[in-house]
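Novice: Throughout, this note's numbering is defined as the position within the sequence shown, counted from one, plus 53.
Since the hints were derived computationally from the structure, they do not count as laboratory data. A few of these clues could be false.
List time: in silico DSSO-like cross-link candidates among lysine-lysine, alpha-carbon distance up to 27 angstroms [said to hold, decoys possible]: (1) LYS350 - LYS334; (2) LYS334 - LYS136; (3) LYS263 - LYS327; (4) LYS334 - LYS392; (5) LYS136 - LYS327; (6) LYS263 - LYS90; (7) LYS423 - LYS271; (8) LYS354 - LYS334; (9) LYS252 - LYS350; (10) LYS334 - LYS263; (11) LYS334 - LYS271.
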Amino acid sequence: MKKDAPKTIIRKETGGSKDKPWNPRFWDGVTVCAWFKSLVLGRFCISPLRLPMALVITLLSPFNSLCALGQRLFYGRRIRQQKVSPPLFILGHWRSGTTLLHEYMILDDRFTYADTYTCFAPSHFLFTHRWLSPFVGLLMPKKRPMDNMAAGLSRPQEDEFALCVLGEPSPYMNILFPNARPIYADYLTMREVPESRRKHWLDTFERLIKAITVASPKTVILKSPPHTARIRTILQRFPDAKFVYIHRNPYVLFPSTFNLWLKISATHGLQIPKEKGLAEKVLSDFTRMDEAYTADKALLKPGQITEISYDELVADPVGTLEKIYAGIGLGGFDEHRAKFEEFAAAQKGYKKNRFSIAPEIAEQIAVRWKPYLDRYGYTKPEE
């Protein structure tokens with residue numbers, strides 16, 4: 054069977070937003086060392102139209118290195134000594150509703166999270182947040198590039214971006230170089246990563262969580278889809294962590310994820326993204342993630358994980374959140390019910406992007422994602 058079918062997606066987009074001519078990129082917060090390491094990974098293959106972007110990031114990197122030194126001097130000891138509660142991880146494939154669930158759960162004031170500024174400047178956000186973030190915020194777009202959800206420096210963000218900016222290995226480096234060979238593909242599941250390198254990654258990850266906790270001494274809620282395939286690794290450092298997994302119809306996930314990678318690379322990449330190979334990447338990444346998740350889930354204790362669907366979250370958000378709280382023993386749901394109801398009411402006007410996919414892609418989904426389809430009872434929606 055043919056594995057890759059580029060240019061098979063027809064996009065039907067509703068909504069959309071008009072952004073500023075220039076927007077901050079995640080890499081704008083990178084230090085000199087981390088930036089040079091990134092460029093080496095991509096073999097300095099930069100599209101001519103992206104040279105101004107590369108130049109801006111390069112010029113900003115010494116400033117970030119200086120600010121990172123300031124954070125180490127003023128906050129380093131506090132970060133090292135900071136105690137953290139077992140984090141709560143929101144898991145799920147890209148475009149499965151993890152962001153929406155994250156937005157709901159941070160309404161519980163017992164939790165804190167990695168916001169966009171933290172992920173934009175992970176090496177110095179404690180040191181610069183008060184005086185630098187207001188200026189950066191003026192340049193931020195109001196909507197995310199891949200959908201119609203609100204964006205902003207205070208909004209929750211994927212901690213995977215923070216790890217990238219810190220120079221840690223991540224498959225998200227292919228966002229920077231979308232037309233390159235797979236970069237750090239083994240860090241999606243981390244199963245084949247040597248123990249010494251895994252420990253280094255965990256050390257950086259824990260240091261980031263400690264820094265977030267210094268800013269707000271609460272339990273941290275983290276949301277990054279790659280963590281879905283890393284439960285085994287996460288448990289090495291956080292054996293009592295809790296997990297919420299959200300699933301969604303794969304026939305919706307595929308085109309939305311395809312669109313995500315094109316959009317985010319077009320905004321944050323040093324190359325003009327091409328569709329060649331992207332369909333296969335989405336198909337194979339999904340399979341790897343699902344296989345790792347189903348295997349690692351068996352390592353968890355009762356009450357350590359609960360599963361929900363995107364459809365039930367949208368249809369009955371408050372009832373679904375109550376189910377989550379009961380499933381992992383959070384307690385205190387009624388104290389926050391009013392906040393959840395208010396946020397749910399505000400979501401009713403949200404317009405989703407709509408897509409259709411070619412028959413040959415639908416056939417591959419039916420075959421290659423069959424275990425997921427069978428497990429959660431999904432079928433191909435009617436057009």
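Novice: So which of the earlier hints does this model not fit?
Specialist: Going through the list in order, the structure violates hints 2, 3, 4, 5, 7, 8, 10 and 11 and respects the others.
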